[in-house]
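Novice: Protein chains in written order, with our numbering: chain A, 1 to 184; chain B, 1 to 296.
Hints were generated in silico from the structure; no laboratory data involved. Note that CB positions come from ideal geometry on N, CA and C, so glycine has one too. Honestly, I wouldn't trust all of these hints.
[What the hints assert, rightly or not] In silico lysine to aspartate or glutamate, EDC-like type, Cα no more than 20 Å apart, as pairs:
no. : chain 1 : residue 1 : chain 2 : residue 2
1   : B       : K155      : B       : E88
2   : A       : K167      : B       : D56
3   : B       : K57       : A       : E166
4   : B       : K224      : B       : D254
5   : B       : K15       : B       : D56
6   : B       : K155      : A       : D147
7   : B       : K155      : A       : D141
8   : B       : K155      : A       : E143
9   : B       : K155      : B       : E87
10  : B       : K57       : B       : E277
11  : B       : K15       : B       : E264
12  : B       : K57       : A       : D36
[What the hints assert, rightly or not] Some, not all, of what chain A presents toward chain B, calculated at C-beta under 10 Å:
no. : residue
13  : R63
14  : I73
15  : D87
16  : L89
17  : E143
18  : F146
19  : D147
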Amino acid sequence: MTMQQRVLFDRLTTVHRPDCAFFADGPLPVPVAGPDDLAPQLGSDAVARYAEACRPVFEDLRRVIGQLAGLMILAQLTRSSEVAGLDELASCRRRWAEAGERIEALTGPDPLAPHRAQIVAAHAFSGLALRTFSELRPRADNEAAFDTISRHVRRAYAHLSAATAEKAGLAMVDLSHACCSCGR
Amino acid sequence: MSDYSIWVCEYSYVKNYHKSGVLYGAHNQGFVKLPYCYVVIKGRDHVAMVDVGYSDKDYGKVLGDRFGVENWRNPTTVLAEIGVKPEEVDTCFITHAHFDHFGNVEDFPNAKFYIQEREIAKWVWAMSLPDRLRWMMVAVDPGDIVRGADLARQKRLVTVNGAVSDVLPGIDLHAADDSHTWGSMWVTVRNDGKTASQDSWVLAGDLVYVFENIHGPGAAVDEKEVYTPVGLAVGSQANLVLATEAMMKQVNYDSHRVIPVHEERLRDTFPSRITREGLRITEICLADGETSKVSA
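All chains should be built: construct the whole structure from the sequences, respecting the hints.
Specialist: Encoded structure:
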């Protein structure tokens, strides 16, 4: 990891304010060239190494984002702040932290930097959503916190979607047993 | 007297789906066409849907390239065949959170969505499990849950816990826990509005894929026919069989009234037509005063 990347990583993973302008000014969640696109140009070995290292990060974030969205739904609809104490949220925190460690070790050829930046941003925004759960208060409407969680989760999902690369195994839906012709 | 019209609207299909996916134990028995459909229920001043399909924008290329899903059409095009606009839909019942049922909420901007609370809670749980247990979270897109969260913020998501009667007049929701998915549900339309209805229709979601799930081969147990569950279940096949029995009981064991939306042969048992887009509209029943959308 370069010094610049290290600084970026530290900022993204240690800044806790949900309204931090840094994130709003971060990369736009738009599709970027990923392993699928860059393999012909960069060579399959270098790209494959990056994709292999990226897959578990992508999977971690896919799950973290899904969990956060689901927990927010349950918290809002049950008007309960107890979600913040659930094992599922603790597990979500662990997975998010593991993803952060994996991102730190994730390196690749320079043209893949925009792809990595989308992954970093997805991690950062899901972290902001995760931390906002601690703001839920008993017997309060918590509307502001829910709005914040929802906004960050949506942004995290948009960044992760921008980093989708089907051939590299970075896919949003695991279709291996889905209602389609997966058995072919 | 019939309160509601019901149509099954095909919005895409897979030409060759392995039969063992739709029928438990049907190994090496080839392939069947698997239509992707949603259901429209219209009447009593409501337009409701059972499931909303998926968004081609999000999944189309993947499904087309990898799995042979063909001919996706958006709800505006599909629903126009029965004279309905997506923005007229006020209620959507989501039978389960698989992407091809819950993956297109954005196209129904004025609808309130109903889903089993357990379906959300258990997917959250499944996503929290170690990677070695990942099988339990297949076919769910976190994006759909994210969009569900948006619906919740807009007060347009209602989670229900178990069975609920008269969500709309004469329309009930029933849970089938730990079956096809963790919190699957089916929708029952009591079309005469009576509590002990003699005119009920069961919209089965993915609890029944094809007719053989109800009239399955029974030779192995010395029966002419037995319920044979669908092949895909994150819960259990036993729970699918029990859900089938509960659905059949609601229609007084008239299997014609349990509607499997992935069943291509609905065209042979109900009035149907193929649209200009090559998709099927099947008319299950018509409300009083409604005109057919499948006959010339």
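Novice: It remains to establish, for every hint, whether it holds in the given structure.
Specialist: Consistency of the hints with the structure:
{"no.": "1", "hint": "B/K155 <-> B/E88", "in the structure": "holds, 18 Å"}
{"no.": "2", "hint": "A/K167 <-> B/D56", "in the structure": "holds, 18 Å"}
{"no.": "3", "hint": "B/K57 <-> A/E166", "in the structure": "holds, 15 Å"}
{"no.": "4", "hint": "B/K224 <-> B/D254", "in the structure": "holds, 17 Å"}
{"no.": "5", "hint": "B/K15 <-> B/D56", "in the structure": "holds, 17 Å"}
{"no.": "6", "hint": "B/K155 <-> A/D147", "in the structure": "holds, 12 Å"}
{"no.": "7", "hint": "B/K155 <-> A/D141", "in the structure": "holds, 14 Å"}
{"no.": "8", "hint": "B/K155 <-> A/E143", "in the structure": "holds, 12 Å"}
{"no.": "9", "hint": "B/K155 <-> B/E87", "in the structure": "holds, 17 Å"}
{"no.": "10", "hint": "B/K57 <-> B/E277", "in the structure": "holds, 18 Å"}
{"no.": "11", "hint": "B/K15 <-> B/E264", "in the structure": "holds, 10 Å"}
{"no.": "12", "hint": "B/K57 <-> A/D36", "in the structure": "holds, 19 Å"}
{"no.": "13", "hint": "R63", "in the structure": "holds, 4 Å"}
{"no.": "14", "hint": "I73", "in the structure": "holds, 5 Å"}
{"no.": "15", "hint": "D87", "in the structure": "holds, 7 Å"}
{"no.": "16", "hint": "L89", "in the structure": "holds, 9 Å"}
{"no.": "17", "hint": "E143", "in the structure": "holds, 9 Å"}
{"no.": "18", "hint": "F146", "in the structure": "holds, 6 Å"}
{"no.": "19", "hint": "D147", "in the structure": "holds, 7 Å"}
This entry satisfies every hint, going by the numbered hints stated previously.
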